[in-house]
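Trainee: The primary structure of each chain is shown beneath.
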Amino acid sequence: MEAVQKMVVLESTPDLEKFVEDATWKDVLIQLVNKNELDPWNIDISRLVEEYLSTIRKVQLLDLKVPANIMLAAAILVRLKSDLLNFDEAQQEESVESEAPMLYADTLFPKGRLPPKRKITLKELIDALEEAIKIKESREERLAKSHEYIPFVVSTIDVEQEANEIFEILKKNADKMNMLTFSTLIKVAEGKDPLLEVFIPLLFLAQQQKIVIMQEEFFGEILIKLA
Amino acid sequence: MEGEQNQNKNLIEAALFMASKALSAEEIASIVGIGAIGQVESYIKQLEEDYKSRNGALEIQELGGKYLLTVKEEYANKVSSLASGPEISKGALRLLAYISKNNGILQSELVKAFGETTCDYVKELAEKEFVTTKRQGRSKKIYITQKFNEYFSVQEQV
Numbered sequence: 016m017e018a019v020q021k022m023v024v025l026e027s028t029p030d031l032e033k034f035v036e037d038a039t040w041k042d043v044l045i046q047l048v049n050k051n052e053l054d055p056w057n058i059d060i061s062r063l064v065e066e067y068l069s070t071i072r073k074v075q076l077l078d079l080k081v082p083a084n085i086m087l088a089a090a091i092l093v094r095l096k097s098d099l100l101n102f103d104e105a106q107q108e109e110s111v112e113s114e115a116p117m118l119y120a121d122t123l124f125p126k127g128r129l130p131p132k133r134k135i136t137l138k139e140l141i142d143a144l145e146e147a148i149k150i151k152e153s154r155e156e157r158l159a160k161s162h163e164y165i166p167f168v169v170s171t172i173d174v175e176q177e178a179n180e181i182f183e184i185l186k187k188n189a190d191k192m193n194m195l196t197f198s199t200l201i202k203v204a205e206g207k208d209p210l211l212e213v214f215i216p217l218l219f220l221a222q223q224q225k226i227v228i229m230q231e232e233f234f235g236e237i238l239i240k241l242a
Numbered sequence: 028m029e030g031e032q033n034q035n036k037n038l039i040e041a042a043l044f045m046a047s048k049a050l051s052a053e054e055i056a057s058i059v060g061i062g063a064i065g066q067v068e069s070y071i072k073q074l075e076e077d078y079k080s081r082n083g084a085l086e087i088q089e090l091g092g093k094y095l096l097t098v099k100e101e102y103a104n105k106v107s108s109l110a111s112g113p114e115i116s117k118g119a120l121r122l123l124a125y126i127s128k129n130n131g132i133l134q135s136e137l138v139k140a141f142g143e144t145t146c147d148y149v150k151e152l153a154e155k156e157f158v159t160t161k162r163q164g165r166s167k168k169i170y171i172t173q174k175f176n177e178y179f180s181v182q183e184q185v
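Chains S and A are the protein sequences, given in the same order. Sequential numbering from 16 applies to the first sequence in this note's numbering. Sequential numbering from 28 applies to the second sequence in this note's numbering.
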């Protein structure tokens, strides 16, 4: 009966609709409390929600901000209420109901403890020793390897000497015009690598201006002329 | 008077339970607010006896002069999954095992054998009082502690 009366009062407040529309959740609650429609120490959330729902049914325009605001307000109220509940002292609370409610949050503390660390068994210690020895050995092996000399053969070509040899071959085999083709040179300089031991020395000779190298077409015949 | 004694003993038991790590008599004394260390030690001895006569799953162990309320070895394995992790990290345990076989080894030798992480592990082991270090030139020698012997010899009996 009383609830119905209160509901009527709340519905009749003209600006509920309005402030729910614009206000933040805090304003919603403060306004309700100020109007004495809610006991701040004992807010009936289900009543609040019911009233809100009946209000919102009357509102034709759908604005998601409105339900979001009231839902947030309700959620915060539930949270605050549950924080205040102290199950251990529930009985005691009943007997002092008339007194001003107290905040019990401070008296709530975890009764448990952190789980202790597991003890290491002797077997684990022995296993660890085996592992340690293995790791040490494999490390030693790796380190030993890192100091090992790996033979890496680099063919050493004395370019200067090669160039002289090629120059001699050129002089011997050049035609009357003092010219020779690269393909002929390769054939004459038998047993020599055409690229490393013939072509590169030629570049050196050209650089020393002992010969002139010509190529009329790309990938075509290279002509060598003694300077 | 007897009630007060019981209160103190219970408080020490509560401290040992909550700590879930080994506490020294001094630490316990400051927690429970008893000035006399000898008094605290006698309470701990009483508690040890209490647990022994109860013949349950728990016992008070003395490790390197500290006290630990712990699960008896025969039950520890079955409930170890509830623990928050091993007491010594894997890498540090490996090193500890190696040190125990080479007591008094130089840290520099350990670094040579196991790499740079060794220094952190030695620090961990020293903090947990399984090893002590002694300066030796630019490096330090590492020794196994009394706690180590107690910790592992307890389990040798099993």
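Source of the hints: derived by calculation from the structure; they are not laboratory data. Values in this document were obtained by computation on a predicted structure and should not be read as measured data. In this text, a Cβ means the ideal position worked out from N, Cα and C, and glycines have one as well. Among the hints, erroneous ones may be present.
Computed footprint of chain S on chain A, listed as stretches where at least three residues anywhere in the stretch have a Cβ under 8 Å from a Cβ of chain S [as the list claims (entries may be wrong)]:
1) 98 to 110
2) 114 to 121
3) 138 to 146
Once the Cα atoms are required to be at most 25 Å apart in a straight line, the calculated PhoX-like pairs of lysine-lysine come out as [stated by the list, open to error]:
4) LYS202(S) <-> LYS225(S)
5) LYS72(A) <-> LYS132(S)
6) LYS132(S) <-> LYS99(A)
7) LYS48(A) <-> LYS138(S)
8) LYS105(A) <-> LYS128(A)
9) LYS93(A) <-> LYS174(A)
10) LYS168(A) <-> LYS128(A)
11) LYS36(A) <-> LYS72(A)
12) LYS138(S) <-> LYS36(A)
13) LYS132(S) <-> LYS48(A)
14) LYS72(A) <-> LYS117(A)
15) LYS72(A) <-> LYS138(S)
16) LYS139(A) <-> LYS117(A)
17) LYS160(S) <-> LYS93(A)
18) LYS139(A) <-> LYS132(S)
Trainee: Now tell me, hint by hint, if it's right for this structure.
Mentor: Hints versus structure:
1. 98 to 110: holds (count 6)
2. 114 to 121: Since 5 is at least three, the answer is holds.
3. 138 to 146: The restraint on the region 138 to 146 of chain A holds, since 3 of its residues have a Cβ under 8 Å from chain S and three suffice.
4. LYS202(S) <-> LYS225(S): 21 Å, holds
5. LYS72(A) <-> LYS132(S): Distance ~24 Å between LYS72(A) and LYS132(S) Cα, so the pair holds.
6. LYS132(S) <-> LYS99(A): Within the cut-off at roughly 14 Å; holds.
7. LYS48(A) <-> LYS138(S): 22 Å, holds
8. LYS105(A) <-> LYS128(A): 29 Å, violated
9. LYS93(A) <-> LYS174(A): 9 Å, holds
10. LYS168(A) <-> LYS128(A): Satisfied, since the Cα-Cα distance of roughly 14 Å is no more than 25 Å.
11. LYS36(A) <-> LYS72(A): Holds - the C-alpha atoms of LYS72(A) and LYS36(A) are around 10 Å apart, at most 25 Å.
12. LYS138(S) <-> LYS36(A): 35 Å, violated
13. LYS132(S) <-> LYS48(A): 8 Å, holds
14. LYS72(A) <-> LYS117(A): 34 Å, violated
15. LYS72(A) <-> LYS138(S): The given pair, whose Cα atoms are some 30 Å apart, is violated under the 25 Å limit.
16. LYS139(A) <-> LYS117(A): Satisfied, since the Cα-Cα distance of roughly 19 Å is no more than 25 Å.
17. LYS160(S) <-> LYS93(A): 47 Å, violated
18. LYS139(A) <-> LYS132(S): Not satisfied, since the Cα-Cα distance of roughly 30 Å exceeds 25 Å.
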